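From just these sequences and the hints, can you work out the full model?
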Amino acid sequence: MKKYLELINKSFGAALLIALGNYALLKLGNPIGPVIFAFGLLGVCYMGLNLFTGKCGFLFEDRIKIIDLLIILIGNLIFGYLIGYLFSFTDKEIVENAIKKVATWDISVSFFLKSMLCGIIMYIAVYMYRKNTPLGIIFGIPLFIFCGFQHCIANVITLGVAKTFDLSLLICILGNFIGSLLMWYLSKSYNVKEKKS
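238 is the number of the first residue of the sequence shown in the working numbering; add one for each residue after it.
Just so you know, these hints were derived from the structure itself, not from any lab.
Among the hints, a few may not be true.
[Stated by the list, open to error] Below, computed lysine-lysine pairings styled on DSS-like, alpha-carbon distance capped at 30 Å:
#1 K368 x K302
#2 K368 x K247
#3 K264 x K247
#4 K247 x K425
#5 K337 x K400
[Unchecked claim] Label-pair distances were calculated between CB atoms; the ranges are:
#6 M238 x T341: 40 to 48 Å
#7 K302 x E333: 39 to 47 Å
#8 N246 x L407: 24 to 32 Å
#9 K240 x K337: 38 to 46 Å
#10 D328 x I301: 32 to 40 Å
#11 S345 x S325: 20 to 28 Å
#12 I336 x N246: 29 to 37 Å
#13 T370 x I301: 19 to 27 Å
None of the values given here were measured: they were computed from a predicted structure.
Just so you know, even glycine gets a beta-carbon here, dropped at the ideal spot from N, CA and C.
What follows is the structure in structure tokens.
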């Protein structure tokens with residue numbers, strides 16, 4: 238029970254930090270918003286919190302149990318939506334910007350690919366952090382935002398701010414997951430070949 242409580246608490250904490258970064262993005266827009274958004278993932282990594290998009294690529298490497306990853310995801314989604322909903326009462330401008338952003342989302346191959354690409358960047362950013370450099374986060378987060386790639390936890394926060402729901406969130410979750418694991422697989426395959434040679 239203590240283990241699961243810790244998982245939930247750290248999932249809530251991660252959602253809060255990403256929500257703060259997303260608030261800045263909705264409030265400030267480009268080019269400042271994407272840069273400040275990186276604060277969220279930096280905080281998650283340095284504080285050891287549980288963010289689904291930062292964990293799923295390490296599913297096999299860290300031997301994370303599927304149930305634990307699901308708890309992290311659900312915790313991120315529930316608290317992310319709730320904190321986004323609370324944010325909606327602080328500033329009408331971010332609500333308007335959130336509604337406009339949600340209106341651009343759809344269930345399409347393009348949206349799925351954008352989610353996968355975000356997952357790839359997230360894996361690389363966290364991988365680089367584990368190699369003792371924050372540069373993957375500092376450059377990677379603005380990169381995926383400027384490119385219009387989709388991050389499921391940021392998206393659920395935006396949905397909370399807009400006080401709505403969109404099925405594209407499910408596509409985004411799947412895309413982030415597959416993209417992260419794809420990058421893990423490619424990097425591990427390369428390392429195996431390198432050792433053999």
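Which numbered hints turn out to be false for this structure? none
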